[in-house]
Amino acid sequence: MSMPGRVAAIVWKDLLIEIRTKASFHSMLAFSALVLFVFSFAIGPDTPLLQRIAAGLLWVAIVFTGLLSLSRTYQSEEAAGGLEGLRMSPGDPRAIYLGKLAGNVLLLLGLEVVLFPAAAVLFQIELWPHALPLAGIAVLGTLAFSISGTFYAALTLHLRAREIMLPLLLIPALVPPLLGAVNATQLVLDGNPFGEADLWVRLLIAYDVVFFVACTWLFPLAVEE
Amino acid sequence: MERSAPFVRWLGIAALILMGAGSYIGLFVVRADAEMGEVQRLMYVHVPAAWTAFIAFFVVFIASVLYLVQRDPRADRVAASAAEVGVVFISLTLATGMLWGKPTWGVWWTWDPRLTTTALLLAIFIGYLAVRGFADDPEQRARWSSIVGILGFIQVPIVYLSVVWWRTLHQPPSSPRSVASEILWTWMLNFAAFLLVFIYLTARRARIAKLEGELETTLAYD
Chain W
94 MSMPGRVAAI
104 VWKDLLIEIR
114 TKASFHSMLA
124 FSALVLFVFS
134 FAIGPDTPLL
144 QRIAAGLLWV
154 AIVFTGLLSL
164 SRTYQSEEAA
174 GGLEGLRMSP
184 GDPRAIYLGK
194 LAGNVLLLLG
204 LEVVLFPAAA
214 VLFQIELWPH
224 ALPLAGIAVL
234 GTLAFSISGT
244 FYAALTLHLR
254 AREIMLPLLL
264 IPALVPPLLG
274 AVNATQLVLD
284 GNPFGEADLW
294 VRLLIAYDVV
304 FFVACTWLFP
314 LAVEE
Chain Z
677 MERSAPFVRW
687 LGIAALILMG
697 AGSYIGLFVV
707 RADAEMGEVQ
717 RLMYVHVPAA
727 WTAFIAFFVV
737 FIASVLYLVQ
747 RDPRADRVAA
757 SAAEVGVVFI
767 SLTLATGMLW
777 GKPTWGVWWT
787 WDPRLTTTAL
797 LLAIFIGYLA
807 VRGFADDPEQ
817 RARWSSIVGI
827 LGFIQVPIVY
837 LSVVWWRTLH
847 QPPSSPRSVA
857 SEILWTWMLN
867 FAAFLLVFIY
877 LTARRARIAK
887 LEGELETTLA
897 YD
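First to last, the sequence lines map onto chains W and Z.
Here the first sequence stands for residues 94 to 318, where the numbers follow our numbering.
Here the second sequence stands for residues 677 to 898, where the numbers follow our numbering.
The set of hints was computed from the structure by calculation and includes no laboratory data.
For each residue, glycine too, the CB sits at the ideal point set by N, CA and C.
Check before you lean on any hint, since a few could be wrong.
[Unchecked claim] Negatives, chain Z to chain W, calculated, CB over 12 Å:
#1 707
#2 714
#3 777
#4 823
#5 828
#6 837
[As the list claims (entries may be wrong)] Here's a subset of chain Z near chain W, in silico, CB distances under 10 Å, partners left out:
#7 797
#8 802
#9 806
#10 895
#11 897
[As the list claims (entries may be wrong)] What follows is a set of in silico ranges between Cβ atoms, one per label pair, in the way DEER data are often shown:
#12 864/Z <-> 257/W: 24 to 34 Å
#13 715/Z <-> 287/W: 37 to 47 Å
#14 816/Z <-> 135/W: 15 to 25 Å
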């Protein structure tokens, strides 16, 4: 089977499991909404303040929810040595990484389609005038999160205390894309008067390219026996 | 038990002498700073410690690449030892920086790009050491931590860039003051001293790691 075929097979398998069990998506959705609520309760019902920091709250909710789903990335393979089976099937093991990455991106983007409007209602933000640039930022930010996240999830799979090791390694790695996504989102929501959002979008693109290459290249070393 | 190599012992003695000389000159010989006074002497520890820490993490990167290419356990021991000593120096950098910042800036902490990047560097290498602590198999431990060491090193410049943008979009960067030559050479002397301390401690730590590895193997066969 060709490399794109192998990647597509893994994505399809995981999507099918998700569609049939709906294990991750619904709980992720509920969790991310709760995170937004917790922020509002912690900060207080000060709508102008919430509007000013909405982009930060939104992306922190995405990171926390994403962390939960990342730790389940390889869950369906763990039982009965499924990952070994995938790894030993002929061809490049990078297909596993690319397939899992695509699955994580799709799942998170699906979540954001609901979460962004939910945040707009809760914080009283106008989304529609900026829908297109916001969608672009969401895709770039989600790619950045998933590129590093899918990799570190594989790396920490067989560590003791991996529930804490995944965020411990991932969060410092996510500082550049988090700054990029939060600042770009906030600037776009404020109308991007000086075109500063472009700088942050370029940072997101640079991060996506550099870490996509580095993680894809290192992945076989991370899962070798 | 065999003694460590005479070279390493002489290295330790040389490090001790240089440390003594550097501390004496930094504390008593160089004049106090005209604007900031005695507290500025902290910089004779702070700046060389920061340089040494960055060199330590460069050593971790190179040794990690070497390990993944050659699968030589010696490279893994050097990486692990340099990371441990590097964490000590980066903590020293942050601690002296905060002690200096309180009387000078009036705050223990500010979101300055270099400060923030240094703190994140510490977090990245605490993660590196934690991976080593939570992996049982020596080969897996070496391989996984090498990957973390390489990715951590790639992260640092992009983290720094992003934090600089984050801060400079809101406030202008503080202009670097020109540095007097006597300050510069006191830095250099202390830098040489810290570098020797780093090499000495790393060599000693790598040796302990080797003995630990041998002990692990012996116990495994018994």
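Status of the hints after comparison with the structure:
1. 707: Fine: 40 Å to the nearest Cβ keeps residue 707/Z off the interface.
2. 714: Per Cβ check, residue 714/Z is outside 12 Å of chain W; nearest 35 Å; holds.
3. 777: holds (21 Å)
4. 823: violated (5 Å)
5. 828: Check fails; 8 Å does not lie beyond 12 Å.
6. 837: violated (7 Å)
7. 797: holds (8 Å)
8. 802: OK, holds: residue 802/Z within 10 Å of chain W, min 8 Å.
9. 806: Holds, about 6 Å.
10. 895: violated (19 Å)
11. 897: violated (22 Å)
12. 864/Z <-> 257/W: 24 to 34 Å: Once the Cβ atoms are compared, 41 Å apart, the range 24 to 34 Å for residue 257/W and residue 864/Z is violated.
13. 715/Z <-> 287/W: 37 to 47 Å: With a Cβ separation near 39 Å, residue 715/Z and residue 287/W satisfy 37 to 47 Å, so the hint holds.
14. 816/Z <-> 135/W: 15 to 25 Å: Because 40 Å falls outside the window, the suggested range is violated.
Comparing the model with each numbered hint stated earlier shows that hints 4, 5, 6, 10, 11, 12 and 14 do not hold.
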